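Visitor: Construct all of the structure, not just a fragment, from the sequences and the given hints.
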Amino acid sequence: MTTALDDERRIRRIAFSQKLSHWDVKISPYLYISPFFILFAITGLFPLLYTAYVSVHEWHLIGGEGDFVGLDNFAFVLQQPQFWIALRNTFSIFLFSMVPQVTFALLIAAVLNENLRAKTFWRMGVLLPYIVAPVAVTLIFSNMFGDQYGLVNNLLGQIGIPPVQWHSQELPSHLAIATMVNFRWTGYTALILLAGMQAIPRDLYEAASIDGAGKPRQFFSITIPQLRPTLIFVIVTSTIGGLQIFDEPRLYDQYGQGGANSQWMTITIYLYNLGWGQLNFGRAAAVAWLLFLIIVLIGLLNLAITRSIAASSDVTATPRNSTTVQPPRQKVTA
Amino acid sequence: MRTSRRTIAAIVAGASALTLVATGCATGGGEAADPDAKITLTLATFNDFGYTDELLAQYTESHPNVTIVQNKAATSNDARDNFFTKLGAGSGLADVEAIEVDWLAEMMQYSDKLTDLSGPDVDGRWVDWKTESATDADGRLVGYGTDIGPEAVCYRADLFEEAGLPSDPAGVAALLEGDWDNYYSVGQKYVDATGKPWFDSAGATYQGVINQVENAYEENDGTVIATENPEVEEAFTSVLEASSTLSAHLGQWSDDWTAGLANGSFATMLCPGWMLGVISGNAPDITDWNVANVFPGGGGNWGGSYLTVPAQGKNTEAATEFAAWLTAPEQQLQAFANAGTFPSQVEAYSDATLLDATNEYFNDAPVGQILTDRSNAITVTPFKSVKYFPINDALQKALTRVDVDKSQSISDSWTQFVADVKALG
Numbered sequence: 001m002t003t004a005l006d007d008e009r010r011i012r013r014i015a016f017s018q019k020l021s022h023w024d025v026k027i028s029p030y031l032y033i034s035p036f037f038i039l040f041a042i043t044g045l046f047p048l049l050y051t052a053y054v055s056v057h058e059w060h061l062i063g064g065e066g067d068f069v070g071l072d073n074f075a076f077v078l079q080q081p082q083f084w085i086a087l088r089n090t091f092s093i094f095l096f097s098m099v100p101q102v103t104f105a106l107l108i109a110a111v112l113n114e115n116l117r118a119k120t121f122w123r124m125g126v127l128l129p130y131i132v133a134p135v136a137v138t139l140i141f142s143n144m145f146g147d148q149y150g151l152v153n154n155l156l157g158q159i160g161i162p163p164v165q166w167h168s169q170e171l172p173s174h175l176a177i178a179t180m181v182n183f184r185w186t187g188y189t190a191l192i193l194l195a196g197m198q199a200i201p202r203d204l205y206e207a208a209s210i211d212g213a214g215k216p217r218q219f220f221s222i223t224i225p226q227l228r229p230t231l232i233f234v235i236v237t238s239t240i241g242g243l244q245i246f247d248e249p250r251l252y253d254q255y256g257q258g259g260a261n262s263q264w265m266t267i268t269i270y271l272y273n274l275g276w277g278q279l280n281f282g283r284a285a286a287v288a289w290l291l292f293l294i295i296v297l298i299g300l301l302n303l304a305i306t307r308s309i310a311a312s313s314d315v316t317a318t319p320r321n322s323t324t325v326q327p328p329r330q331k332v333t334a
Numbered sequence: 001m002r003t004s005r006r007t008i009a010a011i012v013a014g015a016s017a018l019t020l021v022a023t024g025c026a027t028g029g030g031e032a033a034d035p036d037a038k039i040t041l042t043l044a045t046f047n048d049f050g051y052t053d054e055l056l057a058q059y060t061e062s063h064p065n066v067t068i069v070q071n072k073a074a075t076s077n078d079a080r081d082n083f084f085t086k087l088g089a090g091s092g093l094a095d096v097e098a099i100e101v102d103w104l105a106e107m108m109q110y111s112d113k114l115t116d117l118s119g120p121d122v123d124g125r126w127v128d129w130k131t132e133s134a135t136d137a138d139g140r141l142v143g144y145g146t147d148i149g150p151e152a153v154c155y156r157a158d159l160f161e162e163a164g165l166p167s168d169p170a171g172v173a174a175l176l177e178g179d180w181d182n183y184y185s186v187g188q189k190y191v192d193a194t195g196k197p198w199f200d201s202a203g204a205t206y207q208g209v210i211n212q213v214e215n216a217y218e219e220n221d222g223t224v225i226a227t228e229n230p231e232v233e234e235a236f237t238s239v240l241e242a243s244s245t246l247s248a249h250l251g252q253w254s255d256d257w258t259a260g261l262a263n264g265s266f267a268t269m270l271c272p273g274w275m276l277g278v279i280s281g282n283a284p285d286i287t288d289w290n291v292a293n294v295f296p297g298g299g300g301n302w303g304g305s306y307l308t309v310p311a312q313g314k315n316t317e318a319a320t321e322f323a324a325w326l327t328a329p330e331q332q333l334q335a336f337a338n339a340g341t342f343p344s345q346v347e348a349y350s351d352a353t354l355l356d357a358t359n360e361y362f363n364d365a366p367v368g369q370i371l372t373d374r375s376n377a378i379t380v381t382p383f384k385s386v387k388y389f390p391i392n393d394a395l396q397k398a399l400t401r402v403d404v405d406k407s408q409s410i411s412d413s414w415t416q417f418v419a420d421v422k423a424l425g
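From first to last, the protein sequence lines stand for chains A and B. Read in order, the letters of the first sequence correspond to residues 1 to 334 in my numbering. Read in order, the letters of the second sequence correspond to residues 1 to 425 in my numbering.
Some chain A residues judged to face chain B by a derived CB distance under 8 Å, without partners named:
1) 61
2) 62
3) 80
4) 142
5) 143
6) 148
7) 149
8) 253
9) 254
10) 255
11) 260
12) 261
13) 276
14) 277
15) 278
16) 279
EDC-like, lysine to aspartate or glutamate: derived pairs with alpha carbons at most 20 Å apart:
17) B:196 with B:288
18) B:422 with A:72
19) B:189 with B:161
20) B:86 with A:65
21) B:422 with A:58
22) B:113 with A:65
23) B:189 with B:158
24) B:189 with B:179
25) B:387 with A:58
26) B:406 with A:170
27) B:406 with B:241
What the hints contain is simulated information worked out from the structure, not anything from laboratory work. Predicted model only: the values in this text are computed from it and were never measured. C-beta atoms are modelled at their ideal positions from N, C-alpha and C, and glycine is treated no differently.
Guide: Written as structure tokens, this is what we have:
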């Protein structure tokens, strides 16, 4: 009797440990990647869904949850001219910051990619503005861009240009804010592009040199096409960042509400004014969700464009003689 | 088995991280039970309350276990945003929070989130209307009055002289005695003589005008009448019409405006007591600012503040004691000497240190006597309810669009103001 019982136990134990190791194989991989997803669920997914919940309710910052109102908050926000002005401003500032930023970053990266003396010094140098806190950048720049007694207008006056209304007019205020963004981010973008350039096989350039292509021709015909994936990465991340711009416009004047006529009020500032100025969280949450949808939409658009570019580049790109035996030459870079 | 244990571990880790964050947000420390335990009291103010390090050091000397940290916000708007956000969140407020009279009514809706500060030793310390507006329906006093803002006129003596106008305080007072139209027409004379602006901004001047209206934006029952009230539109239009020739077109509190305080870009500005500290702080090298014992249209009160003790704080008892000390007449008189914040405490009014107070920066002007007179000249207490602050904010923006930005006409800007008020709904 007793032996039979022992056997049964042993069998069961073996079965159980087998089951454990079976689970180990099946479940462990998921556990290893779970920290990210758990964190994402707490800090990303939960706020997202909770915001959606708030956006369909009347919700006061202090009073808390009120009645369920369906899509009223969305309807209200979409009917406000302020929302559309904010959307316009956001895109305008975004274009003013993105286009020059990527252009200059490309040029800087191309220069840094050459054989310079004190390479590391220059490479670290372009990153310096990125280290400065955005608040500090904004305080300094908004003072420099003062309408009446600012440094920039003073300098413009010296060369006979009438003062620009950096705060009271729309376009100049967008330019000023975009300048702050560019000051901070151009170096960072340049380093990412530089990393991309370093990965371009040197033999392409050698072949081009032998074929008689000059530096500019090499830049446009080799560097830029080869940089496509990096460029797309830079554009996607800066699009998302650009649509969420907050620090710079918030600190651009003493009130931080985007100007008396909403000249530089971005979507996030509008959201802030609704939520924390008017204490109306329901409407602020609706704006947050609208912004989220806009970013998703633009993300999809980016994806579509990327795909079509990738498809077309397969056809047009010069075939790489990849399979031929070649010594790795990338140690030329350093 | 392993799964669940790991999940539990993850949950525990997550939860403890959250607790860490939560405790990190709370201010102060120590046990409330032990009166001698080391504690840190945080004090949040805005603009300049006159609470210098020396003044605060007097408290820490008599209470060696207390460390005081003061945070100053730049504008009352910033302080308000911060206050309501953290009041709603339930944590993060300072132990003692300063609030302004313009958004007092908004805050009184949540008076249960603040500590009841009433007590026999502070009974009758302030002028009645100051205490009444900070007392809720249940009779709880939630704010200790600090200052009130009786308004005089500050002016640059050197610029007056240049324009051939009398430049001694008595002469200026006689010159400006009268209504707003008189203030504007004297200004026109100054502008004609010098070609330079008369006052700083339409926004600040409007504050002087609207604070003489009893029910500007709301009826006593809270009905919003801002957009229909002819008095508001009249004030708006008249200030802007005068501004077209008289204003320096500087947005109040902007970098340009603070620069203007020092570089003589305007000759006069309306001066509540607390503004004296703002001027001397931003233009320390100017010797020509002076104060005249006069105010257009009689008397007026602009601003004035309270100290509150949010109930979410850890050391509410110690904070209450500290707030009571800060708002005692003796300390308020020191704050007045530091920043011109005119006391709201009854006892201070008969105090010789107030009545004899002079301000060295303003050419030894007898500011104590001037502000006492200006305070006695106030006949109207404006009614400010829940919507006062957001409406006034929208109106200030409307003024800025015309006066500073010059991007809209007076009537267009008014139309947009009406729409903005509707959108507050």
